[in-house]
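Peer 1: One-letter residues, chain by chain:
There are 2 protein chains.
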Amino acid sequence: MPKKAKYLVAPKPKDTKLTKLISGYDENNKKIVAKVIKEKSLTIFLNNQEIVTLMSIGDHPKYLAIGYLLNQNMLKKNDKITKIEFDKDLDVIVIRTRRKTNYEKKLQKKITTSGCAIGTVFGDIYDEIKKIKLKSLKKIKHSWIYEISKKINLTPSLYLETGAIHGCAIIENNNPIIYMEDVGRHNAVDKIAGYMFLKKIRASNKFFYTTGRLTSEMVIKTVKMGVPILISRSGFTSWGVELARNTNLTLIGRAKGKKYLVLAGENRIEYK
Amino acid sequence: MPKKAKYLVAPKPKDTKLTKLISGYDENNKKIVAKVIKEKSLTIFLNNQEIVTLMSIGDHPKYLAIGYLLNQNMLKKNDKITKIEFDKDLDVIVIRTRRKTNYEKKLQKKITTSGCAIGTVFGDIYDEIKKIKLKSLKKIKHSWIYEISKKINLTPSLYLETGAIHGCAIIENNNPIIYMEDVGRHNAVDKIAGYMFLKKIRASNKFFYTTGRLTSEMVIKTVKMGVPILISRSGFTSWGVELARNTNLTLIGRAKGKKYLVLAGENRIEYK
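Heads up: the protein sequence lines correspond to chains L and Y, in order.
Quick note on the numbering used here: the first sequence kicks off at 1 and runs consecutively.
Quick note on the numbering used here: the second sequence kicks off at 1001 and runs consecutively.
Derived by calculation from the structure, the hints in this document are not laboratory data.
Small disclaimer: the values here were computed from a predicted structure and weren't measured.
Don't be surprised by glycine CBs; every beta carbon is placed ideally from N, CA and C.
Where hints are given, some of them may not hold.
To be verified - Okay, the calculated bits of chain Y under chain L, using three or more residues with CB under 8 Å as the criterion:
| # | segment |
| --- | --- |
| 1 | 1033-1046 |
| 2 | 1158-1164 |
| 3 | 1211-1220 |
| 4 | 1227-1236 |
| 5 | 1258-1266 |
Only chain L is shown next, with the shape it has when bound in the complex:
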């Protein structure tokens, strides 16, 4: 077993701003104190337009806002961000771009997906995704899949402290390097997408790990980031598999212990 993961960004389970102690009772009617995750609202503006109000754990508003806008196609890869203003009392973040933006029409037509939490994706994103074919030749070694899961499971996290939270990670070979958590699985992905964009981190030689299910929405966000391999301990949906095959994404699911299933892009697995 290789050494522990070294993170650029890791969960902060000891950050008392993210959790709350709540008193209650256990199954023996004994008074207990439970540590529970806190939800905070974040209202995102793009230039002068209010886009959405999300419920998040509130740890990375900047990455969340940027990643959300990228994943909703409201911020383009070549957009120049001129200013980011966050008001932590109002829970409002404003992203300003050089390009003038107006998404009023777009905001009126959403598709609510089966993905966890945010679940809203705009129709035009499907059209865009269908045209993408991931070309990365990066391979994943059979043994890494187990090592990655193990390292993530052993990382101190809000999940281990409080439960009721989803986690996502960016992996380099067999090492998780960015690990973010949120009450909404989509938020965790969006925060990672925002971080990758702002820090200009190359995606085509990385893997993406999620604790959540491999739905169409998760596939779309992974493909939009340009990451060629998506791994989950959880299961698949048929539309997720179909989109992964269409976009040449490798989809590894039900990764538990030394077991896993590959339902798309098996050519990127190096079995020995």
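Position chain Y against the provided structure of chain L, taking the given hints into account.
Peer 2: For chain Y alone, kept in the frame of chain L given last:
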């Protein structure tokens, strides 16, 4: 241990319309066939207005549409439904009411919550929920909590067949009587709400069980149904607990084996 659950509505794991067989590879590079859940879109109209497009497993479009509209406050408890038209080729359902409806303004202002999947709740629902105090004196016996979980876990389900799915159930004493599943947890709840409404099933003497987390959204939907006790194998969020306390809902979480925690409304637990 009491006998098996007798359901009014149970999951249909053998319904081949709900699943798909997909070929892939396991961890030994052996070719396998995996059974995977299918997602279908459903576009809901209320009278002449298109309200939303959801991704669902497609088993109960009528209950899903009615429950969704109820939970979004677009259908009122005393509304008279004059017609339900479902076009299964177009995946469109139209709910017609005697009352004239227009929610154009409302549709423009949503809050995306941390709940699983749909994640959109309109601001006015919070205002409504704050005024509700559940008055039901119905109690739950300590031993029932374990029996309920056990019966649900032993029920043949899509979860056991395919994974990647959430389940919800309505419980009478220690018996699950309605058990619905969906790719989106919210959809499973909405289908149950729609069923309860159309079949005029009394809520104040029932319990609600969910495989998902106890977020604010789950609390809101339970309170709107009028069910006084909410049980989950999963964890809590702080806002979920706060809303449960404000509305006098009993919140039982982390129910695994014979263990559980109660963080709100402990007066409804009968410990012996």
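Peer 1: Taking the hints in turn, state whether each one holds.
Peer 2: How the hints compare with the structure:
1. Counting residues of the segment 1033-1046 of chain Y whose C-beta sits closer than 8 Å to any C-beta of chain L gives 6, which meets the bar of three, so the coverage hint holds.
2. Here the segment 1158-1164 of chain Y counts 3 residues with a CB under 8 Å from a CB of chain L, which clears the bar of 3, and the coverage holds.
3. Given a C-beta distance limit of less than 8 Å, the hint that chain L covers the segment 1211-1220 of chain Y holds, as 4 residues qualify and 3 suffice.
4. Three residues within the 8 Å Cβ limit are the bar, and the segment 1227-1236 of chain Y against chain L gives 3, so the coverage statement holds.
5. With 8 residues having a Cβ less than 8 Å from any Cβ of chain L, the segment 1258-1266 of chain Y passes the three-residue criterion, so the hint holds.
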